[in-house]
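J.: Here is how the chains run, residue by residue.
There are 2 protein chains.
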Amino acid sequence: MAELEKELKEYLLDKVNRARSTLRTLMSLTTEVKNRTLLRAAELIDQKREEIKEANQRDIERAKEMGLSKAMIDRLLLNDKRIDGMIKVLHDVAKLDDPVGHIDEMWTRPNGLKIGKMRVPLGLILIIYESRPNVTVEAASLCMKSSNAIILRGGKEALNSNKILVDILKQAARENGFPEEAIQYIDNPDRRLVWELLKMEGLIDVAIPRGGESLIRAVSENAKIPVIKHYKGVCTIFVDKYADLEKAYDIVFNAKVQRPSVCNAIENLVVHKDIAKEFLPKMAYFLTKAGVELRVDKPSMEILKNAKLPEGAVIKEATEEDYYEEFLDLILAVKIVNDLEEAIAFIEKYGSKHSDGIVSENYSNVKKFLETVDSAAVYANASTRYTDGNEFGLGAEMGISTDKIHVRGPMGLKDLTIPKYVVLGEGHIRDDFGVPEEWKKEV
Amino acid sequence: MAELEKELKEYLLDKVNRARSTLRTLMSLTTEVKNRTLLRAAELIDQKREEIKEANQRDIERAKEMGLSKAMIDRLLLNDKRIDGMIKVLHDVAKLDDPVGHIDEMWTRPNGLKIGKMRVPLGLILIIYESRPNVTVEAASLCMKSSNAIILRGGKEALNSNKILVDILKQAARENGFPEEAIQYIDNPDRRLVWELLKMEGLIDVAIPRGGESLIRAVSENAKIPVIKHYKGVCTIFVDKYADLEKAYDIVFNAKVQRPSVCNAIENLVVHKDIAKEFLPKMAYFLTKAGVELRVDKPSMEILKNAKLPEGAVIKEATEEDYYEEFLDLILAVKIVNDLEEAIAFIEKYGSKHSDGIVSENYSNVKKFLETVDSAAVYANASTRYTDGNEFGLGAEMGISTDKIHVRGPMGLKDLTIPKYVVLGEGHIRDDFGVPEEWKKEV
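Quick note, the sequences are listed as chains A and B, same order.
Quick note on my numbering: the first sequence kicks off at 2 and runs consecutively.
Quick note on my numbering: the second sequence kicks off at 2 and runs consecutively.
Please keep in mind that the hints were generated in silico from the structure rather than gathered at the bench.
Check each hint, because a few of them may be wrong.
Each pair may be met inside one copy or between any two copies, as identical chains are not told apart.
[Said to hold, decoys possible] Calculated lysine-lysine pairs in the DSSO-like style (CA-CA distance at most 27 Å, straight line): (1) K96 with K118; (2) K317 with K278; (3) K441 with K306; (4) K278 with K368; (5) K299 with K350; (6) K7 with K157; (7) K82 with K54; (8) K200 with K230; (9) K10 with K350; (10) K7 with K164.
Produce the entire structure from the sequences given, and follow the hints as far as they go.
T.: See the structure below:
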């Protein structure tokens, strides 16, 4: 990779230093100031709706010229509904409890020393994201509420949209005593800038890439700073021998069909052999009628080949690769297993540790599943579609972590902070090792 | 860096796969089994004392032949006192509450869905450490109690000592139904193996290097997996204008003199200008009498030049670099500041975000210091020497994290686990989107 020119390095360092210079101020901002800023930003977005749409239109036109895919252009679009969505996010984040300064616990040691854990911001957060300009507002508002400074690096295709949104956030900040330099946007599209930022150990505290797997992988490969990753969701539901099948039909249907393009939708259905003959034909009927293509193992095919299915139903034989695949589409891989152990082993092998569920009325099986399946969210008798900050009651989220340190699952406001230790003494010294009494008499 | 030969890669993958194969079993081990294993290991270490000392002697002899420094050889040594220390650690860890399976909180959503946060092990932890063989027992026992699998990579100079300790742990495991393959030791001294392990994303969940700054930096530079870092401690105590000076003398003395070679000892003393004339001469007397070399700024020198000091007192003018330095020795850098703000800015600039304290009886100053100083542990009126798992009441620790994600400060047993979400439903589906009623009548 070519070295970065001096001016570009300076451009970056300037942004980083401006952001860092606000850290101390941010830590002592009141919740009131932060909320006022967020609500003012919401107001401004509403007032400047037409300007925002105009800026966005310029991005859309350029994207069309550049021949970007329809899906990309759709993600880029800011219509009134999406603008309303951003306004709602700002209101929602303003309503959330402020985690900063919260003492999670405090205890007294036998020597009288009081030790507490106080939540503080992570510091300076780098957000790297792709086309969706609403992420600018979502990510920034969460960082602002949790007193973190932020460097935003959006996709170049959304530059005009992102810039006007950042300007609005900065204006709201200025008007309300929130340090506007805490919000920095990298508007130079040069890719090397990202790699340079990812090397700034000690200056940037954590990077959060939001986007497809290839973006996240590239960030993770190049980073010298900690990265919180949000990889894919290969989610599975296991329908146990002891399942209430009526619940199972709805849960599997919901988890696959309601919104197949998201990470908490299921890609795999695993069925206990003892109920497969009863369950699979009906389940397959419902799913294929909703347009789901099934990719099934041989035993399932055996059961389904004579089943009553809607016209045009597509059922293929599954390959080994199908079970690893995040389809993000109306496709579901199906497998029959002999027992709970085999179902858990299946999830361990093919799953991505995101969200996995069991449908069962058997107490011991549910307990074992919940305890031993190593996923960010494990479910009993509910659709995996609930893995989401709002649905869990955390409020807006920064994404869904598939990492195994710092945070697993929906990353809410609280996860943008971390406890530091606060120690209150009254002249405490370790092992009673102080200035010898006789020395004190000498001066 | 030269590519690793196929056999070496296979050797590593075999170890990693053996360790990973135990993860599911580990998650459902009872606390009883874990404690029995730890206590049996303590017993075996006591019984095999002579064998351990013999193995250690072989390491010591080789280290002498290789011309290792006295300090290195001292760290390598296992005498009866250190063996007793390891036995005590095993007993202590057995006594700690088992964090695995602990539900930190659980709440019910308006729709009746129950959401809980259950602590689970991190998975497979790679510990990279240097000469001290007692780390083998400390690190392994904490991982075992928290149901993590572990790959140990000790220094080659301690190979014989480490191997006998690992054998003992494995024997204790075997005898008590603890999966012995959960403990793996990399006995091939080839450095490239470490770099290879650090690339095993998805196979190794986190790396914890324990050792000097250069080791930690090298690990962090080369890792594609998350690393929890324990960097240096450049700790500061600020003696405020409103300090109770009698407390200040003892606190500063304790923090510098009691054990200067450790990371929670102070390297910098910052003094408010209004009390400097009263405080500094006496403080300097006590410190220099204890053999501390002072490196002071000009205003301090001005105050100290006519002060009564013990014979042989060494006071030099400080350089800018001195304030950044982790002396780990009887040396202290001193600076006079105009106010609290300047003291906080000093810590922000020169400190390492480890442990920093204020000595003051002024409520507002203490509050501001504790809230805005961004260190893993912030102190009011106590020595920074308390930053330690045992002193904080967490029990044995894996080290003191200077990172800003996952854990700050002493990394105890609980920090070797992380909450996953457990979701309990009764057929819950999102947005009431289930199989249409009329479809259900069709099959």
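J.: All hints are to be evaluated individually against the structure, with a verdict given for each.
T.: Going down the list of hints, with the structure as the test:
1. K96 with K118: both (24 Å within a copy, 23 Å between copies)
2. K317 with K278: Classified as within: same-chain Cα gap 18 Å, cross-chain 86 Å, threshold 27 Å.
3. K441 with K306: For K441 and K306, the Cα distance is within 27 Å only across copies (20 Å; inside one copy 94 Å).
4. K278 with K368: within (26 Å within a copy, 67 Å between copies)
5. K299 with K350: within (19 Å within a copy, 65 Å between copies)
6. K7 with K157: within (22 Å within a copy, 43 Å between copies)
7. K82 with K54: within (11 Å within a copy, 73 Å between copies)
8. K200 with K230: Answer is both: 17 Å inside a copy and 16 Å across each meet the 27 Å cutoff.
9. K10 with K350: between (44 Å within a copy, 21 Å between copies)
10. K7 with K164: within (25 Å within a copy, 51 Å between copies)
When each numbered hint is compared with the structure, no violation occurs for any of them.
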